[in-house]
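Enquirer: Join the two chains, each given in its own frame, into one complex according to the hints.
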Amino acid sequence: MKIRENRKGQIRIIEAFFSALLIISALLLTSSLNYPNKEETLDELTQMGINVLLELDNNGTLAEFIDNQDWLGIKRSLEILLPNGVWFNLTVFDNNMTVLNQDFSITNGKAPSQRKASIEYLCVSRKTTFQVYTVRLQLAKVG
Amino acid sequence: MPTVSLDTFFACSLMITVIVAAMAATAKISQINIANYGNLNEKSDYFAEIAKKIVLNNGRPQNWGANPNLTLESLGLAESNSHPYALDIDKVSRLNQQNAYSIPYSALWKALGTNYAFKIRIGQLFSISVTKTGQIQHENQTTYWFSVNVEKAGVPVTAAICCYAIGRNYMDSTYVFAQNGEAELNFTIPNSSNGTILLITFARASYNPKVLSYNVYSFYHLTDEIAANETYVRLSPLNYTLYVEPFYQNVTLTDCFLFAYDYNNSLNEIQENVYDIPRLLNSGTMVLVVRGFKGSTFFMEWTAYPQIPLEVGANLEQSENHVFDYIVSIEGFFYDLQILFGD
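So the sequences go chain by chain: H and W.
The working numbering runs 5 ahead of the 1-based position in the first sequence.
The working numbering runs 10 ahead of the 1-based position in the second sequence.
In case anyone wonders, no lab produced these hints; they're calculated from the structure.
Here the structure is a predicted model, which means the values were calculated and not measured.
C-beta: ideal position from N, C-alpha, C; glycine also.
Be careful, since some hints might not be right.
Below, a sample of chain W positions facing chain H; criterion: calculated Cβ distance under 8 Å [to be verified]:
1) Phe20
2) Leu135
3) Phe136
4) Lys162
5) Val167
6) Ala170
Keeping only pairs whose Cα atoms sit at most 27 Å apart, straight-line, the calculated DSS-like set for lysine-lysine is [what the hints assert, rightly or not]:
7) Lys146/H with Lys80/H
8) Lys62/W with Lys129/W
9) Lys129/W with Lys63/W
10) Lys53/W with Lys63/W
11) Lys120/W with Lys146/H
12) Lys80/H with Lys121/H
13) Lys146/H with Lys62/W
14) Lys38/W with Lys53/W
15) Lys142/W with Lys53/W
16) Lys80/H with Lys115/H
17) Lys53/W with Lys146/H
18) Lys62/W with Lys120/W
19) Lys53/W with Lys121/H
20) Lys120/W with Lys63/W
21) Lys121/H with Lys146/H
22) Lys121/H with Lys120/W
23) Lys129/W with Lys53/W
24) Lys38/W with Lys146/H
Chain W on its own, in the form it takes in the complex (with noise of 0.2 Å):
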C-alpha cells in the first residue's frame, strides 16, 4: 500500500473521530444547557411568586407587625386595607435587627414556607452625603460649614432640604435648595453646647413630594469624646410608640425628639422610658432623639421610624442570586425594595 494511501486513510479516520467527538460533545452541552434553561426557568417563575407573596401580602397574623406578642405563622409585609406596593411600617420595623421587636431571620424564613435562603433590603430610593467643609471658632460660638449632595447612582437629584442641628441645650434649623443636588449650609453653634451634635438632613425630591430620603451625621463640637450611635440605649420604634432601652443602670432620659421633614417637637413620655409617636401626614421618614446622660456624661441618640435602611437575611455572596426589585410605599412615601434569592 502506498505510503499516501496509508496518510490518508489516517487523517480521514482522525477526522471522523473528530466530528463525531464533537457531535457527541455538542447534544451534551446543548442537553445541560437546554435542562438548566428549563429549572431556571422554572426557579425564577417560582421566586417571583414568593416575592410577590412578601410585597402584596399581610401575613399571618394580619397585623403581626404591630403587636409584638403575636407569633407570627406566615411572612408578608403589605398594610392592611391599603393599596397594592403599601407596605406596613410596623412589619418593615421589626425587619430591622436593631429593633428590640425584630423578628431573627430564622423565624422570617419558616414563616416564609421555603427551602431556599433570602435576603430582603430595604432602602431610600436617594442617598444623602453631608460633609464637614469649614468651621471658625468665636469667643462665645463656632460656625461650621457643610456641603450636602443629594444623587441616586451618580445621577444628581435637585431636592428641597430641611435640615436640623440638635445638641446639649441647642437646637436650630435651616432650609436650602439642592439645585442640580449640591447645595451648602452652615451653622452657628454655642461653645457651651460642646459634645456630640447631630445634623439630621431631609430631602424632597422637587418634582415629587414623596420621594424624601433623610441622613444623619454627627460630629463632635470642641470635645474628642467618640461614641457611636446606640451605645448606651436602644431604641426600637413600634405602633407609634418610641421604647428606650438603656444598656446601663445609671442612664437617664432628659428628653426626646422627633424630626420630620418641615415639622418637629418632642415627644411625650407616656411611661417611664416610652415615648407616644404622634401620626403625622405627609411626613415621610421620622427621626427620633433622645438625649441623656450617663452619670455625667452626656450622649445623644436616635434611629429612624420606619426604621430604614435595613438588611436582613441570609449571606448570598457565594451563591447565585435571584433578584426581585420593587417600588413600594410606606404611609404614602417611596422606597426602594429588593428581595434576594440565593440558589
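Next comes chain H alone, as it looks inside the complex (with noise of 0.2 Å):
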C-alpha cells in the first residue's frame, strides 16, 4: 500500500517536472523570435516607390512609355530598377480612372500574401495634348 502511495507522489513530481520542461521551452522559444517590423519595411518599400518612379519620371521616360502601351518597357524597366526579391504590380489610370493596361499586366509574379505598400503617382505627358496619367505602384517583399 505504501509503495503505490509512494508511485502516486513519484508521478506528481514527473508532471511538475513535465510542466517546468514545457514552460521553460516556450519560454526560450518567445525570447528567440524575431519580429519583424511591418511598418518599417512598407515604410521601407514605399521610400523605394517613389524614389523608382521618380527616377523613371524624370526625363519623361515613364510618360514616353504610357504614351506608346509599351507596358513591357515599363515592366522591363522596373525588374531592373527594383532590387530582386521585391514583387511588384503597376497599374496606370487615365484621368476618368479607368485602367489602361487591363490586358496586360505590369507584374513580376504572383502576389505573395503579405501586406503591401501602395504607392499612387500623377504622371503628366509631354506630348501637346496633355494628358495626365494616375500611377498606382504596389510593391511587397517577397519571402
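Expert: Here is the structure:
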C-alpha cells in the first residue's frame, strides 16, 4: 500500500518536471523569436517605390512608355530598377480612372500574401495633348 | 503526515516556483524586447533621415564636388538645381579613394555630423562579365573570341552591347546584341600591337537606354608583361578635366582617349598631363584611357567618369547594420546607391 502511495507522489513530481520543461521551452522559444517590424518594411517599400517612380519619370521615360502603351518597357525597367526579392504590380489609370493596361499586367509574379505598400503617382505626358495619368505601384517583399 | 501529502506538497511548491520564475523571466525578457524595438525604431528613423540628407541635399558649400579647394562642411551628394535623387558627378567621384582629390572617410564622417560609423557604396545596376573563349594566331595577326554575360544578381539582362578594343597602335569596335544576356564577339589584332589590350564593354538595357553598365577587361597580347591598372599613373577625373599624375619621373604620355556607348574620341591636352573631357549628351559612364611609356615600356591605364563603382567608409562587418538602398541618377543615367550605418 505504501509503495503505491509513493508512486502517486513520484508521478506528481514527474508531472511538475514536465510542466516546468514545457514552460521553460516556451519561454526560450518566445525570447528567440525575431518580430519583423512590418510598418518599417512598408515605409521602406513606399520610399523605394517613390524613388523608382521619380527616377523613371524625371526625363519623361515613364510618360513616354504610357503614351506608347509600352507596358513591357515599364515592366522591364521596374525589373532592373527594383532589387530582386521585391514583388511589384503597376496599374496605369487615365484621368477618368479607367485602367489603361487592362490587357497586360505589369507585374513580376503572383502577389505574395504579405502586406503591400501602395504608391499613387501622377505622371504628366510631355505630348502637346497634355494627358495626366495616375500610376499605382504596389510593392511587397517576397519571402 | 503521509508520504503522499509530502510528495504533493513538494510537487505543488515546485510548480508554483517554476510558474513564478517563468512569469518573472517573461516580464524581464519582454521589457528588454520592448525597449529594444523602441530604440530600434528611433534609430532606424534617425538613420533614414541621415541617409536622406546624404542623397537629397547638396551639402555645404554647394559646389564642393567640382572645386577641390573648398573645404567640405556638410556632406550631401545631390546635384544643384536638379531633380530628387540626381547626384553630382564630381561629388560622387570625390568619394572614390583612387581619385587624387578624394575626401578621406574621417573628413566625410565629420561633415556628416553623426556619431555612428557609415559606409557609402555606389554601383552599376547590372554587371557585365567578359571571358576570353579562344584565340588563333596567324602570321601577322591574332583573332580572339570572347563571351559577354550581362546579368543582374544572376538574372540575365537583354542589352545592346558596344565594345572597344584598344592597344598599342590599335583600336577597333564592334556592336552585338545580348539576347537573354549572352553574346559572343571577336577582335583581330595585329601581332605588332603586342602588349596590354583593353576590352571596354558598354551594355545598354534594351528597354531603357538610361540603364547602362560598363566593364573593362584587360589581357596580354603576345607578351608576358603583367602590370595592374594604376601602376604607372594615377588618373583623377574632376570637373570635366582629367588630371594624370605619373608615379615615375621617366613616364611620358602619348595620347588619351574617351570611350562611351556609341562614341569615342581622343582628348585634348590643355596643360601638361591635364586633359579636357567633353560634356556629352546621353553618354552615361565614360571610360578614359591613357597610353604612354615608362622608359621603353609601353603602358595603358584607365579610369571611369563618374568613378564608379566605389565604396567608402568604415568596416561594418562586425556590427549590426542599417541599410538604405536608393536608385539614383548621375547625368541622367541610373546607378545603385547603398548607405550603411553601423550600430
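Enquirer: Evaluate each hint against the coordinates.
Expert: Verification of the supplied hints:
1. The criterion of a C-beta within 8 Å of any C-beta in chain H is met by Phe20/W, whose closest approach is roughly 7 Å, and the hint holds.
2. The beta carbon of Leu135/W comes within 6 Å of a beta carbon in chain H, closer than 8 Å, and the hint placing it at the interface holds.
3. Using the Cβ-Cβ criterion of 8 Å, the hint placing Phe136/W at the interface with chain H is satisfied: the shortest such distance is roughly 7 Å.
4. At about 6 Å, the closest approach between the beta carbon of Lys162/W and any beta carbon in chain H falls short of 8 Å, and the interface hint on this residue holds.
5. For Val167/W, the interface hint holds, since its Cβ comes within 8 Å of a Cβ in chain H; the closest pair sits about 7 Å apart.
6. A hinted interface residue such as Ala170/W counts as satisfied when its beta carbon comes closer than 8 Å to some beta carbon of chain H; here the least separation is about 13 Å, so the hint is violated.
7. Our distance criterion of 27 Å between C-alpha atoms is met by Lys146/H and Lys80/H, whose separation comes to about 17 Å.
8. Restraint check for Lys62/W and Lys129/W: the C-alpha separation of about 14 Å stays at or below 27 Å, so the hint holds.
9. The hinted pair formed by Lys129/W and Lys63/W meets the criterion: a straight-line CA distance of about 14 Å does not exceed 27 Å.
10. Between Lys53/W and Lys63/W, the direct Cα distance comes to roughly 15 Å. Compliance with the 27 Å bound is thereby established for this hinted pair.
11. Of the supplied pair hints, the one linking Lys120/W and Lys146/H is violated, its CA atoms being roughly 35 Å apart against a limit of 27 Å.
12. Pair hint Lys80/H plus Lys121/H holds up; C-alpha atoms about 18 Å apart against a cutoff of 27 Å.
13. Of the pairs offered as hints, the one joining Lys146/H and Lys62/W holds, with about 22 Å between alpha carbons and a cut-off of 27 Å not exceeded.
14. A C-alpha spacing of about 22 Å is found between Lys38/W and Lys53/W, which places the hinted pair at or below 27 Å, so the restraint holds.
15. Straight-line distance between C-alpha atoms of Lys142/W and Lys53/W comes to about 48 Å, which puts the hinted pair past the 27 Å bound.
16. The suggested pairing of Lys80/H with Lys115/H holds, with an alpha-carbon distance near 14 Å, which does not exceed 27 Å.
17. For the given pair, Lys53/W sits about 22 Å from Lys146/H by alpha-carbon distance, which is consistent with the 27 Å threshold.
18. Using a Cα cut-off of 27 Å, the hinted pair Lys62/W and Lys120/W holds, with the two alpha carbons roughly 17 Å apart.
19. A threshold of 27 Å between alpha carbons decides the hint, and for Lys53/W with Lys121/H the separation of about 24 Å falls inside it, so the pair holds.
20. With a C-alpha separation of about 14 Å, the suggested pairing of Lys120/W with Lys63/W holds against the 27 Å cut-off.
21. A hinted pair counts as satisfied when its Cα atoms are at most 27 Å apart, and Lys121/H with Lys146/H qualifies at roughly 8 Å.
22. With a C-alpha separation of about 38 Å, the suggested pairing of Lys121/H with Lys120/W is violated against the 27 Å cut-off.
23. Restraint check for Lys129/W and Lys53/W: satisfied, since their Cα atoms lie roughly 16 Å apart, inside the 27 Å limit.
24. Taking the CA atoms of Lys38/W and Lys146/H, the gap is about 32 Å. The hint is violated against a cut of 27 Å.
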